[in-house]
Amino acid sequence: MTQTTGPKGLSRRQLLSRATAAGASFVVGTGFMAAKDAAWAMETSALKPETFATLVQMARDIYPHDKVGDEYYVVAVKGYDTPEAAGGIEAGIAALNAAAQGKGHASYLDAAWERDRVDILRGMEDSAFFQQIRGGLVTGLYNQKAVWPIFGYEGSSFEFGGYIDRGFNDINWL
Amino acid sequence: MAAPFDLNDDSVVVIIGTGAGGGVLANELAQKGVSVVALEAGGRHLPEDFINDEWESFGQLAWLDPRTTSGDWRVAKDFSGLPAWIVKSVGGTTQHWAGASLRFQEHEWKAATTYGNVQGASLLDWPIDAAEMDPWYTKAEDKLGVTRTGDRPGLPGNNNYKVFEAGAKALGYKEVHTGRMAINSDENRDRAMCQQTGFCFQGCKWGAKWSAGYVDIPQGEATGNLEVRSQAHVARILHDDTGKVTGVEYFDADGNLQMQKARVVCVAGNSFESPRLLLNSASSMFPDGLANSSGQVGRNYMRHMTGSVYAVFDKPVRFWRGTTMAGIIQDEARHDPSRGFVGGYELETLALGLPFMAAFLDPGAWGREFTSALDEYENMAGMWIVGEDMPQETNRVTLNHDVKDQYGLPVANVHFDDHPNDIAMRNHAYKQGAAVYDAVGATRTFPTPPYPSTHNLGTNRMSENARDGVVNKWGQTHDIANLFISDGSQFTTGAAENPTLTIVALAIRQADHLASELSKGNI
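From first to last, the protein sequence lines stand for chains V and D.
All residue numbers in the first sequence are consecutive under this note's numbering, ending with 174.
All residue numbers in the second sequence are consecutive under this note's numbering, ending with 523.
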């Protein structure tokens, strides 16, 4: 018997959102197959394509991992491409571009060096929009099972019998 | 009469909560022939239900009903709606705990006497001592199957432990081993042997770790004297004109309000929910809440001085493999004011999976300083710091009438400010923890801030004198003879050790006392 919520229990989405407090806003589906060519995934339904491209760049600039491909950042922010979320995202990205222009760039994406984009982000890191995106990425990016092997993390181990015969004490450099 | 019991059966002992305190008390009383109804807000989760996935498991087990926070502790900023990482499930937080099972040191029962006057701290001696607790600790260690006690061998060290041990020995630490753990280290026990799976915090899928949820509760139920009602959230404790408690009101699994009569009520909902329930049970006779004539209900909330130290090396560690917390350095647990603080702390191995490392390494951080640490995840080692924090009257659980839970009840607000002693101890521990890893070649170390609290203590503290606390040395409230507190909220002071073994020992002792008093007709 498994009972995970009370009679008026919260949805999983609410649970995770509350869990991260800063605002994980959605859970990444496990069925997504990351494509090497992420172009198709960049197609949008509610957001303007350039807005979504800016959002993906912003996600990478917040949590930059050079060994993690764009497709994972796309998955991490794809949940904002909905009619409900689009308004807030368009406004947030517009503010980001305005901040970029205030620092002499045509747009956020036009700032070619990461240090310039980070400087723009630092100027707005207390905004609700920045915190929404950053907070969502904590689960949106790092809770993607497809990302784990890139960091060496092995995930669930029970089905393999744990590590008792698979290297729990195999360190050899001490 | 055998379980299940009637709502109008006023001969039963009602226990609220089924964790280390309530779950053990329920079994122990049932073994002695006492009729018990245990009300548990969570559902049942057995080893086969547990999930080797941090966020999924968190959604399955964690107590996520709303709470609010205030004070200068960093948790209030990083996790404002989530002051605690504790469990809503039959078995309570024993489903999640790491298994570290340590006795208090002798002097820690007498913190006020030992430490003297510490400005701003409301230190008090426990009305019991190490000699009194010794036999109960032995019973608790046998029940939990604690390694390195009795004839039980220690667990083998995993990769994270090997790094930790090598660094500790290089620094000259002497008391370093794989811990006293309520996790089976051999095949010759009732429970399975540890398979070094990791995910101790997510519930042990082998059942190798002791949990009240799948050990004590089924044992108690097998006697026919214990009925556990899961998904039963207690709203209020009721009393009569003489001031004795008569039963409890609770919301059942369908959200309907029920009333269970009782001869005795034992509250074991943890240090947030237990005082909250006493306060929410206020009546015209007890306008400040039950058992609160001293004004002490909710006060002296303690959470242990905690923090973590993670380190990155130039070669792989793979610290997530194996038992999460089977590693301890005890040399700093002593009381030695020459270090600049009173009390002491333990250092214990700890690993998080990648998802939780991202959430907890440095909450709110972003950019390359943060991500370059996670890039080295495979090369990380980690330890947790757990030390005695100072009780303060103003660190307290109160009712927040502006925020209601799903039943319309005011939620707990948890206020906590670090005491200067806590800060001095944490800074010392950060330095020592980093030194352990530097001694074996760490290229970078991280003094990581406290997580939402799992060791929640105090708020209904035990005291010799009724004006200083809420319960006497048996956990019986000073004000109401048939109302008991049975969880970590009765802690007078927190000591440096993980609290579960002490909560269990107190529950076994309380069961013995309570059964005796019931049979004598004293309650």
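Since the hints were made in silico from the structure, they are not lab data.
The reader is advised that the hints may include incorrect statements.
[As the list claims (entries may be wrong)] Facing chain D, from chain V, some residues (calculated, C-beta under 8 angstroms):
#	residue
1	Thr82
2	Trp113
3	Met124
4	Ser127
5	Phe129
6	Gln132
7	Arg134
8	Gly161
9	Gly162
10	Phe168
Bear in mind the structure is a predicted one, so any value in this text is a computation, not a measurement.
Ideal Cβ positions, reconstructed from N, Cα and C, are used throughout, including at glycine.
Each hint, compared with the structure:
The interface hint given for Thr82(V) is violated, since its Cβ lies 21 angstroms from the closest Cβ of chain D, which is over the 8 angstroms cut-off. Because the closest C-beta pair between Trp113(V) and chain D is about 13 angstroms apart, greater than 8 angstroms, the hint is violated. For Met124(V), the shortest C-beta to C-beta distance to chain D is roughly 12 angstroms, which exceeds 8 angstroms, and the interface hint is violated. Because the closest C-beta pair between Ser127(V) and chain D is about 13 angstroms apart, greater than 8 angstroms, the hint is violated.
This hint is violated: Phe129(V) has a C-beta 14 angstroms from the nearest C-beta of chain D, more than the 8 angstroms allowed. Taken as an interface hint, Gln132(V) does not check out: its beta carbon lies about 13 angstroms from the nearest beta carbon of chain D, beyond 8 angstroms. A least Cβ separation of about 6 angstroms between Arg134(V) and chain D falls short of the 8 angstroms threshold, and the interface hint therefore holds. The beta carbon of Gly161(V) comes within 6 angstroms of a beta carbon in chain D, closer than 8 angstroms, and the hint placing it at the interface holds.
For Gly162(V), the suggested interface contact is upheld, since its CB lies about 3 angstroms from the closest CB of chain D, less than 8 angstroms. For Phe168(V), the suggested interface contact is upheld, since its CB lies about 4 angstroms from the closest CB of chain D, less than 8 angstroms.
In this structure, the hints that do not hold are numbers 1, 2, 3, 4, 5 and 6, in rising order.
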